[in-house]
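So the sequence shown is numbered by my numbering: it starts at 99 and just counts up by one.
Quick caveat, the hints were computed from the structure, so don't treat them as lab data.
Check before you lean on any hint, since a few could be wrong.
[Stated by the list, open to error] DEER-style ranges, computed between Cβ atoms:
hint, residue 1, residue 2, range
1, PRO173, ASP115, 12 to 22 Å
2, THR201, ARG141, 24 to 34 Å
3, THR119, SER203, 13 to 23 Å
Note that beta-carbon positions come from the ideal geometry of N, C-alpha and C, so glycine has one too.
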Amino acid sequence: MLFWSIVPLLAATLAQDAQFTRESNGYWKRTTSGVVVTAPQSRLRVMTHGRIVLRGSAGDQVTYRLVERVKARTPAEAHRLLGSVSTTTRTSGDMTMLVVEPTVSPNLIIELQVNVPRYVTGAILDTQL
Numbered sequence: 099m100l101f102w103s104i105v106p107l108l109a110a111t112l113a114q115d116a117q118f119t120r121e122s123n124g125y126w127k128r129t130t131s132g133v134v135v136t137a138p139q140s141r142l143r144v145m146t147h148g149r150i151v152l153r154g155s156a157g158d159q160v161t162y163r164l165v166e167r168v169k170a171r172t173p174a175e176a177h178r179l180l181g182s183v184s185t186t187t188r189t190s191g192d193m194t195m196l197v198v199e200p201t202v203s204p205n206l207i208i209e210l211q212v213n214v215p216r217y218v219t220g221a222i223l224d225t226q227l
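Input sequences plus hints: build the corresponding full structure.
What follows is the structure in structure tokens.
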């Protein structure tokens, strides 16, 4: 049982990939994506700050994409305002929990997109706007 609790944590941690770009409207955007390993016939609980978009997917993995936007003059200022992101997963029984904790700031626009395959039997979304 401990093995199945550690695998999702490692998968989410190792699969993270971040991109940092400037948009034409003066905003800087950081996009972080990853994969969450879940067992068949499992449920998913997602916890974060900001908007959550949940979509069905034809794939066989739960994937997520965190998009953070901030208005800043320089890349250094944007990095400072964006801060850090902590992503963790844990499994208990048939429930897998994905917790994405970005820096919270009134200047930050946050959206978490989660794609779930058919075998996920339910989803609980917790957010603080």
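A quick look at each hint next to the structure:
About 19 Å separates the C-beta atoms of PRO173 and ASP115, a value consistent with the hinted range of 12 to 22 Å. As the Cβ distance of THR201 to ARG141 is approximately 28 Å, the hint placing it in 24 to 34 Å holds. Roughly 19 Å separates the CB atoms of THR119 and SER203, a value that falls within the hinted 13 to 23 Å.
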